[in-house]
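Model the full structure from these sequences, guided by the hints.
Protein chains: 2
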Amino acid sequence: MNLDAEYSKLTLDTKPKMALIVLDGLGDIATKEQQYMTPLEAARTPNLDALTKDSAQGRMIPVAPGITPGSGPGHLGLFGYDPIEFQVGRGVIETLGLGIELKSGDVAARANFCTINEKGLVTDRRAGRIPTEKCEELCKILASKIKKIGDTEVIIRPGKEHRFVVVFRGKGLEGPLTDSDPNREGLPIAVVKAQNAKSAKQKKAAKLVNDFYKLALPLLKGKQPANGFLMRGIAHQPAIPTFQERYKLRPVCLAVYPMYKGLAQLVGMVKIEGPQTIREQFERFLLEYEKYDFFFIHFKYTDKHGEDGNFDAKKKAIEEFDAALPILLGKKLDVIAITGDHSTPCKIKGHSWHPQPVLLHSPYSGSDKLQRFTETGANTGSLGIFEAKYLIRLMQANAKMFDKFGA
Amino acid sequence: MNLDAEYSKLTLDTKPKMALIVLDGLGDIATKEQQYMTPLEAARTPNLDALTKDSAQGRMIPVAPGITPGSGPGHLGLFGYDPIEFQVGRGVIETLGLGIELKSGDVAARANFCTINEKGLVTDRRAGRIPTEKCEELCKILASKIKKIGDTEVIIRPGKEHRFVVVFRGKGLEGPLTDSDPNREGLPIAVVKAQNAKSAKQKKAAKLVNDFYKLALPLLKGKQPANGFLMRGIAHQPAIPTFQERYKLRPVCLAVYPMYKGLAQLVGMVKIEGPQTIREQFERFLLEYEKYDFFFIHFKYTDKHGEDGNFDAKKKAIEEFDAALPILLGKKLDVIAITGDHSTPCKIKGHSWHPQPVLLHSPYSGSDKLQRFTETGANTGSLGIFEAKYLIRLMQANAKMFDKFGA
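The listed protein sequences correspond, in order, to chains X and C.
Sequential numbering of the first sequence, starting at 1063, is according to the numbering used here.
Sequential numbering of the second sequence, starting at 1063, is according to the numbering used here.
Hints in this document: simulated from the structure, not taken from any laboratory.
Over 12 Å on every C-beta distance to chain X, these chain C residues come out as not near it, computed from the model:
id, residue
1, Lys1077
2, Gln1096
3, Thr1130
4, Phe1148
5, Gly1161
6, Ala1205
7, Ala1252
8, Ala1278
9, Gln1306
10, Tyr1319
11, Gln1327
12, Gly1336
13, Leu1348
14, Glu1352
To spell it out: a stretch of chain X is covered by chain C in this simulated footprint if at least three of its residues, at any positions, have a beta carbon under 8 Å from a beta carbon of chain C; those stretches are:
id, stretch
15, 1148-1160
16, 1440-1448
Just so you know, these numbers come straight off a predicted model, no measurement behind them.
Even glycine gets a Cβ: it sits at the ideal position worked out from N, Cα and C.
Take a look at the structure:
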């Protein structure tokens, strides 16, 4: 049974206007330490409350019960792609986030400068977090000396601080490969290997990466503190059907952080540059309104403060979001979904497996008669607890994008 | 997509301490006859109530919607094995319950003495429920005369009353076979056949069982009332990955009844003998605490009284359990799950398909802000209604046993 094929057959090209608003890591847990309140429950959210009145609620399992997703699978799920079926390497995501368009067959690696001692052992996995300018300077040196290895083109681009990416563009290459990052200090840079020893393409790619090391390390010799580098998440861009093909939607991404722009681009979203705050993102939405059908708007700070275990800051981030929300509501959208890509409970200080709450608002969502949008309320909502990959199907349904199935 | 393989890849060997406490047949239904209260709702449970405050709740579908499980599939599901994928014959379960360790390739049958008349027709399928001593005596006769059939070893062991088991240990054998039990009186003992006519191993096993009859029936000739026997659930031990392999956990079983010990043993749990009451089981848990990671504790009486349709006794059994619970709480477990293997509603006087309530307690379970652990409360819990096979994955997540999925 191929459910996606059935959805496709039913899809009507109605050119709706929909927004998927992701408060990264929104979900949380009620604990004694915080008087059994979650940040979403503790926050003052008059605009969300007003929207709630005419909305449905539920909770979403990001990947599968008990599984804590990274940002990649978290967003792939929200975009309606099964995160287990569509696995994307970190190298690919980082590369896309830097605005580099990957071609079919490219192998991309997330890299960062590190410090190694005279014995070749890693003494600082982040090279003291060198400033971005220093990283740019070092990448320039590497890029000017290493343009090709055999027939394979090598593309090197700096990121923020000690981070950069390397793309290998050639024939017969494939990921995923093992990391060269030994994951802790005191060990040497690891030799990169094919994850599947039977794949000739992975083996060729692994040899290329190891050859790249032989050329690049001598160029960094004597530099301090960045005299080495580590590579992780070395993978190729998987074949992912685009949003346009899959949903008959023209999608656009309004995100601030490169990672989320990269993820959006991976599924064929147009990437908008410029906005730096949620207010600016919503204002830009007003300007772009006519040009697209589907707006993915990403708010980072709920996750950031959750990761820091800062309950008050997470609560305030939600309030900041709520205060900006009326800007978005200035345009009449057919469907609005507000959710997270996963939970980031303050107590856990990291991503978690707890289903994130979701609010779905449309003229046809119905009202769950809840006063507020909260985790506890969402438990009792009409959407139930469902896999995140179905959210976009529910949004499409609410936008009347599906024909009746059968007579 | 193999989800279990993904869970395995993510599993960290954190040596947590977890308890899965099964109140057999716990779930019930609220009916007018009982003033719309379930036994769990009617029971006085101060200790469960206190635990509830910092716990999540939900309900679990034991196998699939509408399916009423036997004890085998009910427990296999709780242990995280899809009960449709991993089907275990009753013969195998009974054999394990008698403490006989099965070897790969063994075919085991559940048997019981019966009465046949001079025409060979079954007149009493249970031979008047002969006393256990009589059964032991008859099994001794059979076992002393039939040790081997060809190359195949035959192991005969008495159970309670008219029940016994027969194990065929040889090469090239496989189940499942059809029953020899005609299922009603007035019919002859049925010839046993392969369930899959194309399986040479099943056919060989069927011939063995029929040959066994030819040797055994003459030995019972003239005995009254047990002059024949019936065989059911003739099957081999399926290949089930052990708890250790699958979850990186050292599991132990604290059960009183043989059936549940057998089920636990099937998935590689260590079987503890001795405790006869829930207090004794909890006290033994304290003694065994250091040696294991995962404690399966089985309480039978909720099911027993549900089967009898005795509401008050089921309620009292829950109260008895609740009174003993503080003994368990004397050790600081990382995760506690309290549930049933299925529902046994008093009104139905038998197992049912109704999802059983589950309570999950850990420092990271969050609070569902419920005052009590009940079927109705569990309907609104953050765990939702989910398949029982995922419970152990949620327990693992709560014990921080899973690495993050993807970047």
